[in-house]
Amino acid sequence: MIELRHVSKSYGPGRFARPVIEDCSFTVEANHFTVMMGPSGSGKSTLIRLVAGFEKPSAGEILVNDRPVTGPGQDRLVVFQESALFPWMTTRENVQYGPRARGELTGTGRARTDFLLEKVGLHAFRERYPAQLSGGMQRRAELARALVNNPAIMILDEPFRGLDALTKKMMIEYYAGLSAESPRTNLFVTTDVDEAIFLANRLLVMSHIPARVREVIEVDLPRPRSFTRILLDGRANALKMAALSLLHEEAMKAFGGGNIPAADFIEAHRRRVAAM
Amino acid sequence: MTQQAAIITPDSGRLLRFRTAALPRLLFNRSSRRAIVSILAAIALWQLGATSREWLGWPVPVLGHVPAPDAVLVAWYHVLGDAGYWQSWYQSFLRVAMGFAAATAIGVPFGLTLAMSPTCRGIVLPVFELLRPIPPLAWVPASILFWPTQELSIDFVIFLGAFYTIVLNVLGGAETIDIRLVQAARSMGASRINIFRRIILPGVLPSIGAGMEVAIGITWEVVVAAEMISGGGSGGASGAGGGLGFFIWNSYVGGSYPDIVVGMISIGIAGYGSSALVRLLQTRLTPWLEAR
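Those protein sequence lines, which keep their order, are chains V and Y.
Each residue of the first sequence is one higher than the one before, starting from 1 at the first, in this note's numbering.
Each residue of the second sequence is one higher than the one before, starting from 1001 at the first, in this note's numbering.
In short, the hints are calculated from the structure, not lab data.
Glycine is no exception: its CB is placed at the ideal position from the N, C-alpha and C atoms.
Among the hints, erroneous ones may be present.
To be clear about the criterion: a stretch of chain Y counts as covered by chain V if any three or more of its residues have a C-beta under 8 Å from a C-beta of chain V, and this derived list gives those stretches [stated by the list, open to error]:
| no. | segment |
| --- | --- |
| 1 | 1180-1189 |
| 2 | 1195-1202 |
Not everything, but these chain V residues come out facing chain Y in the computed CB check (under 10 Å) [claimed, not checked]:
| no. | residue |
| --- | --- |
| 3 | 72 |
| 4 | 78 |
| 5 | 101 |
| 6 | 102 |
| 7 | 146 |
Please take these sequences and the hints and turn them into a complete structure.
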């Protein structure tokens, strides 16, 4: 479980400090899938860095399983936006990195890396360098590199950004399947509302910068979920609508123009509701 | 996914086999053919300019005052049997190798230390930046004074030429390392030493390679000039034992002009060869850059 209590973070010295997060509090329930959504540039990645322990908050505290975060730890691993695989290591060396660095690459450790490579469908590509993998393969390799350490918490910062629409949907379904098999605490950041509704138990809608939780939306749709079912499900669409209208408001604050697709969707939904 | 699997067959020996199998193709592919044609055309033009001296009534610039290729070839043929000529090669190569090796051996750890420690950087970098604009050749008189032998003073000047470049490249390379890679490694419980060895060092290797490649070119510039200025050190009876730079200078003083060009082309070949060696080392050290 992750708990943020009145966390603030600002960059820059004294009077010139620029607040990125202000008085932000929320909890991420254990073994739940918590998805954080917010307009781009709203400080989500900064929040992730704080939870991961790469940076320290300017005020407030972050507790992981009731213990304050003092630095990075293997109990909570981050999968970054775009690839952060080690370019000079083969796929297998990347996946083995964690166990090897801790001196745990024994017989069972080796078996586990091979098992995970198999599981993410990269066993045939284990001797390839990251640059030789496709975008989707790189994402799966990075998931495997994190999962091999068996972290209690997975922190994913827009992990599927930059993939083409089809690959992205496949990856989302794939990751949902992986999570269903071995439940763990997930904190997932995205700007894609379909991705968010598909994955979330709970949706945190963030405000425009400085980041604060604008609203918490419980997504109590049955699992396993599928994109077609969600598309046709009235309740899912109502949740999507709620999230989008909030995001739209926040995005409007970010730039006067607002978010056209979101506005269109909200308008269409309003008309449909009115017609019923 | 399956489509890709068919395209990229998983065999790790691909790189090595590619090199040997493709040798004839490499020699006769389009760009090699173009290179051969352009070099031959340049030589023909040179021959034309050097022998006719006037084109359409105008004196030929530069080429008109240079020995013609045939004269150079004859001079080269004569000098091939001369031990002094090969001695010059050997001496210049030795100096380049010494200075370059020292610059790499000292420059890489030095650059890494500066990159890793902001304190070190704050203390050392100002002095480094103050010394860096001084051209290596400006050090020749001073280094003759403070090194016991002339050989060492030439090595030192060459060392300086390569050193700054290598250090700056290491520093720049360390700055380009993606911070997320270090963060990922830290999260997974890697020690500082492990992060240095497996993340920072390989991350800097491409920049080290690039720095070495530039530096080896500089060493050849420096060695020739240093040999000319210092008189080439221990000249033999013929005076031709002082390296290729001295070989050129001596040919000039002795009035054997074709030999000047022989020396110049020799340096060109030597420089090209040593750059190729460094490049080969570089590709061996960073196999992941080849694999795309």
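Count the residues of the segment 1195-1202 of chain Y whose Cβ falls closer than 8 Å to any Cβ of chain V, and tell me whether that reaches three.
holds (count 3)
With a cut-off of 10 Å, does the beta carbon of residue 78(V) approach a beta carbon of chain Y closely enough for the hint to hold?
holds (6 Å)
When the least beta-carbon distance from residue 101(V) to chain Y is tested against 10 Å, hint result:
Holds. Min distance 4 Å.
Restraint satisfaction for residue 146(V) [CB to CB of chain Y, less than 10 Å]
holds (8 Å)
Three-residue Cβ test at 8 Å for the coverage of the segment 1180-1189 of chain Y by chain V:
With 9 residues close enough to chain V, the hint holds.
Double-check residue 72(V) for me: the hint is only fine if its C-beta lies closer than 10 Å to a C-beta in chain Y.
holds (4 Å)
Interface restraint verdict for residue 102(V) against chain Y (beta-carbon cut-off 10 Å):
Since chain Y brings a Cβ to about 5 Å from residue 102(V), closer than 10 Å, the hint holds.
When held up to the earlier numbered hints, the structure conflicts with none and fits them all.
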